[in-house]
Amino acid sequence: MSLDRQQVRKIAHLARLALRDDELDAYAATLSRILGLIEQMNAVDTAGVTPMAHPNDAGLRLREDVVTETDQRDKFLQLAPATEAGLYLVPKVIE
Amino acid sequence: MHTKTVAELAAGLRRKEFSSEELTRAFLDRISRYKDLNAFITVDANKSLAQAKAADARLAGGQAGALTGIPIAQKDIFCADGWLTTCGSKMLANFTAPYDATAIARFNDAGAVLLGKTNMDEFAMGSSNESSHFGPVQNPWDTRCVPGGSSGGSAAAVAARLAPAATGTDTGGSIRQPAALTNLTGLKPSYGRVSRYGMIAFASSLDQGGPMTRTAEDAALLLGVMAGFDTRDSTSVEQPVPDYTATLNNDIKGLKIGLPREYFGEGLNAGVAKTVEAAIGEYQKLGAKVVEVSLPNSRLAIPCYYVLAPAEASSNLSRFDGARYGYRAKDYTDLLDMYGKTRAQGFGAEVKRRIMIGTYALSAGYYDAYYLKAQKLRRLIADDFARAFEQCDVIMGPTTPTTAFRIGAKSDDPVAMYLSDIYTISVNLAGLPGMSIPAGFDGQGLPVGLQLIGKYFDEARLLNIAHRYQQATDWHRRQPKGFE
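Residue numbers (my numbering), protein chains in the order written: chain D, 1 to 95; chain P, 1 to 484.
With the rest of the complex left out, here is chain D (with noise of 0.2 angstroms):
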């Protein structure tokens, strides 16, 4: 499988990486080397095998339904580019 100009644009959208135009060649190059590697899994047949997702395959624990945390959001905050009124500012995304 070898990856095209348009291709990898798309992959990039999907993951929000705004590549420029000059660097999509290159991408396409090592990613499709990258898929070659990866496609040797298709050597080996795995029809009625159980996916493995986790080495735990026990199951998710519960606990009780109370309050853990702290409210540290004046801290939290600090970190952020852009604040105010004690929200994070991201540009406006409705008119």
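The set of hints was computed from the structure by calculation and includes no laboratory data.
Do not rely on the hints blindly, as some may be mistaken.
Taking lysine to any residue pairs in the SDA-like style, the calculated list, with each CA pair at most 25 angstroms apart, reads [unchecked claim]:
hint, chain 1, residue 1, chain 2, residue 2
1, D, Lys10, P, Ala329
2, P, Lys455, D, Ile94
3, D, Lys75, P, Gly82
4, D, Lys75, P, Ala105
5, D, Lys92, P, Lys455
6, P, Lys410, D, Gly36
7, P, Lys410, D, Asp22
8, P, Lys274, P, Lys341
9, P, Lys16, P, Thr5
10, P, Lys341, D, Leu87
11, P, Lys4, P, Lys481
12, P, Lys330, D, Ile94
13, P, Lys90, D, Asp22
14, D, Lys10, P, Ala323
15, P, Lys341, D, Thr50
16, P, Lys330, D, Pro91
17, P, Lys410, D, Leu35
18, D, Lys92, P, Asp334
19, D, Lys10, P, Lys53
20, D, Lys75, P, Ser318
21, P, Lys455, D, Thr50
22, P, Lys53, P, Arg106
23, D, Lys92, P, Asp321
Based on the hints, put chain P in the right spot on chain D.
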């Protein structure tokens, strides 16, 4: 002081031969003297010395644990409250962690001193430390070579005696491979043994934190502090932590060592093969028996991993959006443009490649062919280990196919770089514990690592097996020239 192991330093602190403050100053001095190695991203002497003074008070009060007053270098993937925590990325180059990872909190509770944050491949994606935003790290055994990765800064720091011990994280070999390339003892615990809370996520079903030390005894001391159940990590396993030091000296007569024939074939450097075979011969002298085992699907571990790890990474790294913390691009037109530019500028090339591979593998129409297929292979790889362990107690082989390579040798070829983890990746896929221990040197004087793979939650046994070898050999005591 800097040539002593953690166990020896702990004994010295108790006997009042030196204080934690003196010890911490001595290592801080060495860090600044050998800063060309580029092993550390952040050093904060005032913070470290404050912890050292508190440890000295605790030691004087007779309330010291095994690690009280011991300076430990922390991989910059672990959040430490008030410390810059970059994960080797421009994306987090301005990020001061607002809380402690559980592993850090446990070291703090034990009275250990945080000596500094070590350099690493960006978001732990790499096998050479060259993908770090903060530049490559030199291998103390040959400063023209890489120290391995992704925990390359931790490896170089401990190998050059800039720290008595360090932590690393291992998603596909990132503790064991750099340990092998720098003559260290590195342990990747079983999945679920060490809490991942506050350890910046790369691939959540594979990541594990663990110790990088000079001896198995020191690894036992560090793991004893790091391991344990944590309600804040939903994959943490609720099982008691044994005293890993208590069983170090157990007899290994009759130990059954499985040698997977697939680990000794094509692609393995002759010098590494010879050294590993000699190490296994040493185990036979100690009374171990050798049986041949087979891991027939191990050649598929790399393709399988390079679907699953990037898929999980593409999801985990979606949190870096420039809205809440970390880097934000300067100029943008709207929200989508802010995301796209922030991420394109904040992530390096290897991280972008992996995010895109993962995005592609999870995208509509490709999910079954890539992600589901890889999960099925993962099952086959895990089943191979289960079958092999019916015949043996431990599996041994090389940690890496070659010794340390030159800085720049593979940086333009990601696929060549991926192959340096060929013997370590399957262990993460199966969730098993794995170790690398010093086994000798090749013709160029570069260290060779012996890999030990254990049954699930069998860390105590691995440490015992490693310790017995270190009682009979002195490879782990060798020090790189120029760092005396």
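Comparing the hints with the structure gives:
1. Simply put, D:Lys10 and P:Ala329 have alpha-carbon atoms about 21 angstroms apart, close enough for the 25 angstroms limit, and the pair holds.
2. Proposed proximity of P:Lys455 and D:Ile94 is contradicted: the alpha carbons are some 55 angstroms apart, above 25 angstroms.
3. For a cut-off of 25 angstroms, the pair hint linking D:Lys75 to P:Gly82 stands: about 11 angstroms separates their Cα positions.
4. Among the hinted pairs, D:Lys75 with P:Ala105 is consistent with the structure: their alpha-carbon atoms are about 19 angstroms apart, no more than 25 angstroms.
5. The straight-line distance between the Cα atoms of D:Lys92 and P:Lys455 is roughly 54 angstroms, outside the 25 angstroms bound, and the hint therefore fails.
6. Restraint check for P:Lys410 and D:Gly36: the C-alpha separation of about 18 angstroms stays at or below 25 angstroms, so the hint holds.
7. Our distance criterion of 25 angstroms between C-alpha atoms is met by P:Lys410 and D:Asp22, whose separation comes to about 23 angstroms.
8. For the suggested pair P:Lys274 and P:Lys341, the alpha carbons sit about 50 angstroms apart, so the restraint of at most 25 angstroms is broken.
9. Restraint check for P:Lys16 and P:Thr5: the C-alpha separation of about 16 angstroms stays at or below 25 angstroms, so the hint holds.
10. For the suggested pair P:Lys341 and D:Leu87, the alpha carbons sit about 22 angstroms apart, so the restraint of at most 25 angstroms is met.
11. For the hint linking P:Lys4 to P:Lys481, the alpha-carbon distance of about 16 angstroms falls within 25 angstroms, and the restraint holds.
12. Between the alpha carbons of P:Lys330 and D:Ile94 the distance comes to roughly 21 angstroms, so the proposed pair stays at or under 25 angstroms and holds.
13. Distance restraint check for P:Lys90 and D:Asp22: the Cα-Cα separation of roughly 22 angstroms lies within the 25 angstroms cut-off, and the hinted pair is therefore satisfied.
14. Note on D:Lys10 and P:Ala323: the hinted pairing holds, with a Cα-Cα distance of about 23 angstroms set against a maximum of 25 angstroms.
15. The suggested pairing of P:Lys341 with D:Thr50 is violated, with an alpha-carbon distance near 40 angstroms, which exceeds 25 angstroms.
16. Straight-line distance between C-alpha atoms of P:Lys330 and D:Pro91 comes to about 12 angstroms, which keeps the hinted pair within the 25 angstroms bound.
17. Between P:Lys410 and D:Leu35 the alpha-carbon distance is near 18 angstroms, which keeps this suggested pair within the 25 angstroms criterion.
18. With a CA separation close to 7 angstroms, the supplied pair D:Lys92 and P:Asp334 stays within the 25 angstroms bound.
19. Distance restraint check for D:Lys10 and P:Lys53: the Cα-Cα separation of roughly 55 angstroms exceeds the 25 angstroms cut-off, and the hinted pair is therefore not satisfied.
20. Restraint check for D:Lys75 and P:Ser318: the C-alpha separation of about 22 angstroms stays at or below 25 angstroms, so the hint holds.
21. Proposed proximity of P:Lys455 and D:Thr50 is supported: the alpha carbons are some 21 angstroms apart, at most 25 angstroms.
22. Proximity of P:Lys53 to P:Arg106 is assessed by CA-CA distance (about 18 angstroms); at most 25 angstroms being required, the pair is judged to hold.
23. Only pairs whose Cα atoms come within 25 angstroms are accepted, and D:Lys92 paired with P:Asp321 is accepted, the gap being roughly 15 angstroms.
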